[in-house]
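**Student:** Sequence:
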Amino acid sequence: MALASCSKVTDIAEPAREQGQIGFTPFIANSLRAAEMDIATLKGTGFTVSAYGNGTAYFEGKTVKPESTGDLWAPEGGDIPWPSFDLDFIAYANLGEYATATIAQTDSKLELTTPTEVAKQVDVIVARAKGNGADHATTGVPLNFKHLLSQIEVKAVNSNANSNYKIKVAGVKIGRIVKKATFMYPTDTKSTTTLSGYTLGTDKETFADAMTEAKELSATAVSLMGKDGNFMLIPQTLTKWDAAKHLGSGTDNNGVYLSVLVSITNKDGVALYPTDGKYAWAATPLEIAGGLEAGKKYVITLDFKDGAGYQDPEINKPVGFTTATGVEISSDPMKPEMPKPGAPILTNQSIKFTVKIEDWQDSGANTINMPNA
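Sequential numbering of the sequence shown, starting at 41, is according to this note's numbering.
Since the hints were made in silico from the structure, they are not lab data.
Yeah, the Cβ is synthetic: ideal placement off N, Cα and C, and Gly gets one too.
Hints may be right or wrong, so weigh each one.
Claimed, not checked - Ranges between beta-carbon positions, derived for each pair:
| # | residue 1 | residue 2 | range |
| --- | --- | --- | --- |
| 1 | SER236 | LYS285 | 30 to 36 Å |
| 2 | ASP111 | ALA329 | 22 to 28 Å |
| 3 | SER199 | VAL395 | 20 to 26 Å |
| 4 | THR179 | THR232 | 50 to 56 Å |
| 5 | ASN356 | ALA144 | 26 to 32 Å |
| 6 | LYS255 | ASP147 | 46 to 52 Å |
| 7 | GLU253 | ALA80 | 35 to 41 Å |
| 8 | ASN202 | TRP400 | 37 to 43 Å |
Turn these sequences into a full structure, and let the hints steer you where they fit.
**Tutor:** Spelled out as structure tokens, the structure:
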């Protein structure tokens with residue numbers, strides 16, 4: 041398994057502003073996913089901002105969009121003049137069904153619940169900055185929006201050019217992920233600020249994504265994600281599933297795992313896993329050093345060159361998972377044997393023989409008298 045992460049911040053020059061009203065210049069990190077928020081998308085949706093200062097709310101829940109001319113953004117409903125005191129601006133966008141906001145002068149927070157459907161796992165972004173009329177009346181308040189979640193894309197490859205197997209893949213799931221958390225806003229979201237104010241819940245869920253069609257693995261990696269994009273998950277540490285312990289003692293540590301929906305045959309097309317020729321889950325423990333961090337995209341590539349992982353610890357999860365046309369999940373993948381979570385799916389042991397030819401044995405003399413006609 042290979043893992044890489046990337047996170048970049050795009051700097052946007054601050055434009056000039058001639059008026060004395062409150063305006064903004066938003067910044068958003070580089071695009072990671074087709075469905076994520078970027079400046080172009082934000083121009084269409086706008087963002088929500090509240091302002092607090094001098095011990096009270098100056099305004100709350102205002103929608104901000106770009107002005108018709110120039111490069112600055114302003115609250116809808118009319119210009120808002122700058123007061124004589126500093127303001128603390130708290131903003132968010134694209135909450136979808138993922139987050140519920142409680143914004144106040146103190147203890148502003150978002151309640152997070154990861155939706156089961158990947159399509160609803162939206163890219164929630166947040167921002168916070170202080171400003172005043174003297175510094176920002178003409179240039180606007182720079183709001184650096186940060187991605188609140190972690191993104192995971194899973195790929196698969198078979199780099200073994202001499203593989204004895206044909207492996208088709210049709211989807212992926214990530215198991216036992218904490219799905220609820222409370223996020224507390226930091227004092228600011230500058231580019232140097234790390235989002236860390238997450239209080240995790242205890243509820244966990246297994247999330248799955250189906251490919252639009254099954255594909256046979258080759259030396260070129262293919263994405264296992266479907267049309268709805270990548271997993272967007274709450275940042276958290278990961279304790280990996282202990283496959284060996286699960287197999288040896290039957291004790292499941294409820295750790296995190298990745299599982300690929302596969303159909304494996306030999307070169308002649310004989311079904312090996314599942315044995316009925318359908319599709320079944322093939323799992324591997326998942327551990328990421330440092331855990332999942334906010335604003336980072338993790339690309340995980342699973343290489344089937346040395347095997348196909350282990351029998352899945354949650355063979356019937358997630359419930360209601362919809363596959364592509366022509367892909368049917370087996371209800372009894374190891375038939376006639378019982379499933380054994382943690383057992384290797386392929387042994388990678390070739391069939392070989394020890395050959396011996398017995399010596400001819402002397403049966404003794406046999407004399408046959410020919411009959412006399």
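**Student:** Work down the list of hints and note, for each, if the structure agrees.
**Tutor:** Each hint, compared with the structure:
With their beta carbons about 31 Å apart, SER236 and LYS285 fall inside the hinted range of 30 to 36 Å. At roughly 40 Å, the beta carbons of ASP111 and ALA329 sit outside the given window of 22 to 28 Å. Here the CB-CB span from SER199 to VAL395 is close to 33 Å, at odds with the stated 20 to 26 Å. Distance hint for THR179 and THR232: a CB-CB separation of about 20 Å, inconsistent with the stated range 50 to 56 Å.
The hinted range of 26 to 32 Å is not satisfied by ASN356 and ALA144, whose Cβ atoms lie roughly 43 Å apart. Taking 46 to 52 Å as the suggested C-beta distance range, the pair LYS255 and ASP147 conforms, at roughly 48 Å. Take GLU253 and ALA80: their Cβ atoms lie about 30 Å apart, and the range 35 to 41 Å is violated. ASN202 and TRP400 have their C-beta atoms about 40 Å apart, which keeps the hinted 37 to 43 Å range intact.
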